[in-house]
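Asks: Given the coordinates of chain A, work out where chain B should sit on it, guided by the hints.
Listed below, chain by chain, are the residues.
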Amino acid sequence: MSRELPAWIDIGVLPALNILMAFLVAGLIVLLVGENPLEALDVLVAGAFGYPGSLGYTLYYTTNLIFTGLAVAVAFHAGLFNIGGEGQAYIGGLGVGLVALSLDTALPGWLVIPLAGLAGGVFGAAWAFIPAWLQAHRGSHIVITTIMFNFLAAALMVHLMVNVIIEPGQMSPQSREMAETAWLPFVHEILGGVGIDVTPSPLNVSILWAALACVFVWLLIWRTRWGYAIRTVGKNEKAAVYAGIDPKRIVVVSMVISGALAGFVGLNEILGVHHRLLLNFTAGYGFTGIAVALMGRSHPVGIVLASLLFGALYQGGTELDFEFQTITRDLVVVIQGLVILFSGALAFMLHPAALRLWRRWSAAREAA
Amino acid sequence: MADFADFWLLFVLTLDATIRVAAPLILCAMAGLFSERSGVVDIGLEGKMLAGAFAAAAAAYVTGSAWIGLLAAMAVSTALAMLHGFACITHRGDQVVSGVAINVLVAGLTIVLGIAWFSQGGQTPSLPAEARFQSLDWPLAETLRQIPVLGTLYAEIVSGHNVLVYVAVLSVPFTWWVVYRTRFGLRLRAVGESPSAVDTAGISVTLLRYRALLFTGAFCGVAGAYLSTAQSAAFVRDMTAGKGYIALAALIFGKWRPVPALLACLLFGFLDAVATRLQGVEIPGIGQAPVALIQALPYALTVILLAGFIGKAIAPKAIGIPYVKER
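Line by line, the protein sequences give chains A and B. Position in the first sequence (from 1) plus 642 gives the number in the numbering used here. Position in the second sequence (from 1) plus 210 gives the number in the numbering used here.
Where hints are given, some of them may not hold.
[What the hints assert, rightly or not] Pairs of lysine-lysine residues, derived as DSS-like cross-links and limited to a Cα-Cα distance of at most 25 Å, are as follows:
(1) A:LYS890 - B:LYS527
(2) B:LYS527 - A:LYS877
(3) B:LYS527 - A:LYS880
(4) A:LYS877 - B:LYS535
(5) A:LYS890 - A:LYS880
(6) A:LYS880 - B:LYS535
(7) B:LYS465 - B:LYS527
(8) A:LYS877 - A:LYS890
[Unchecked claim] One side of the interface only, derived from the structure: several residues of chain B facing chain A at Cβ under 10 Å:
(9) LEU293
(10) CYS298
(11) VAL307
(12) ALA317
(13) GLY318
(14) LEU319
(15) ILE321
(16) VAL322
(17) SER329
(18) ILE462
(19) PRO500
(20) VAL513
By construction, these hints were calculated from the structure, which means they are not laboratory data. No residue lacks a Cβ here, since even glycine has one placed at the ideal position from N, Cα and C.
If we strip away everything but chain A, and leave its shape as in the complex, we get (with noise of 0.2 Å):
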């Protein structure tokens, strides 16, 4: 008779229902404000995919969201939680904005646009890597210096922008506009280019990135060393030490690593849609990674689903503002915080009760 859950139950099942309650307790809100929940989904469902540019908006929002929801998840396997997720994509889209503005007139683009991109993960990483230097060596708990250093960047960048990098003449805080050869191209312009005819969208080059960087983290974790290393410190530190593996060293590379990806929101941002520097263009991204992360349960699989679903989510939000009185895109954040609860604080709820409906369920099978 086995004792212990099986695993389509564990990680299929248990997860669904988590997942499916989140969504309950948000139809119920909506119910609570007067609104019919099946209305908001449909309206929901059709601003994500039904309009035309639509599911390219969606799939922007998505890019964004894989790259913050594998930088969470990279620290999660290390055992760490990563909540400055935001800053990092904020400090990274700084790096990128940099190197494009100062070399966007004197190199060609295919050269910019790469240098862009690695200042953006450098940046990312650089930002992620004090906390995680000292949390190795210092004790300094990672979750606590991360908060303080999602602020540091916003008033870092706040600084800059107001009184250093403003163009000259302007009122709101930005930077010039770059120079077009360093713009990633966007999808619908090189769709155009072979003959298929797309709607216009933010939808850049930068998804196909996004793609690498799922293969690259689940290479990472699953089939090399280093991923083995940031596991087994992950699960139980002092085996990791007896296997002959530096917890120091590793919280620092997991985290580094970590903190590139999330830079990497500042590509699609910055070198892909807005083509200048400005303030808050991260608007949440990193925290939202969180629930991907969760959702996704820190596989690439599950965060290139989970990002689907919020990009979604992002963007058949916008439409709630335009079809209903009462509920707006705000219903999106309150989604987002009810996944955090059901599928991360609370994941192990059901689990109880799951196990000895399954012991009840096999015992009642082997007697028959």
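Replies: Relative to chain A, chain B alone:
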């Protein structure tokens, strides 16, 4: 002499602003102190305070009474604290994840409910004066103001605040008394250091931590009510703006002790007051005062403290670890 009087007045006014900014921080830091000393990490101070601010403004608007608003704020915030307890004490979920969930949930829910109930884009309607906490003028404040130095101090610092500011100030000796001078406080500190020892003594770890979270919820609610019904006259979107995190930083900066945490709140409040005063001021040799950077100082100082470069912040030993009773 006139120079000194001007300087003194400026100093007293800045102190006055400091107290106004620090009051919600103090309440929140004391809230966090109860939770964290019992071994439960509370990232969710921000969310509970925001929910409290919304509940206070909504209830005060509907009933016309600031006190009912305050009670509503405390009730809602306590309910969220119990949710936190349900997730991480009863179900041993991750405490940080639970805190983040509460923060995100509240950020969305306050707007969704605000729009549905008041149709003002997520704000609550502005409160009439009688539905707010008004400043209390202490006896003879205006007469004594004429006396140099001490008179202004009395008129600006001691007198002229709303009742919640005095509650915030009194919350510190209250917290100190509960944590260090009562049996509950002794057990609270013990359960944060060594829950198994408390369990061995026949005291329920679960119950003790839930009781600690009751205090956390209540204090966060007061902090929220302060923001929306005392400091301003309505709830606005994201009105906590990171204050819950600053309070958490102050708690850590004060090494999880009431009086040092109070001083940290005052320091952070002072930095904020100074930054506000320096908005747009030209400083010779530097140019525009770097206001954003001054406002970031609390965060930077906390990181430096946590790194052990100025003293050492040692957290309660069992913090963040769910307690599993051995069989």
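Asks: Please go over all the hints and tell whether each is borne out by the structure.
Replies: Hints, verified against the model:
1. A:LYS890 - B:LYS527: holds (21 Å)
2. B:LYS527 - A:LYS877: holds (20 Å)
3. B:LYS527 - A:LYS880: holds (18 Å)
4. A:LYS877 - B:LYS535: Given that 25 Å is the threshold and the Cα spacing comes to 21 Å, the pair holds.
5. A:LYS890 - A:LYS880: holds (12 Å)
6. A:LYS880 - B:LYS535: Satisfied, since the Cα-Cα distance of roughly 22 Å is no more than 25 Å.
7. B:LYS465 - B:LYS527: The given pair, whose Cα atoms are some 13 Å apart, holds under the 25 Å limit.
8. A:LYS877 - A:LYS890: Judged against 25 Å, a Cα distance of about 15 Å means the pair holds.
9. LEU293: holds (8 Å)
10. CYS298: holds (7 Å)
11. VAL307: holds (4 Å)
12. ALA317: holds (6 Å)
13. GLY318: Result: holds, 3 Å to nearest chain A Cβ.
14. LEU319: holds (5 Å)
15. ILE321: Holds. Min distance 4 Å.
16. VAL322: holds (5 Å)
17. SER329: holds (8 Å)
18. ILE462: holds (6 Å)
19. PRO500: Status holds, d = 6 Å.
20. VAL513: holds (5 Å)
The structure is consistent with each of the numbered hints, conforming to all of them.
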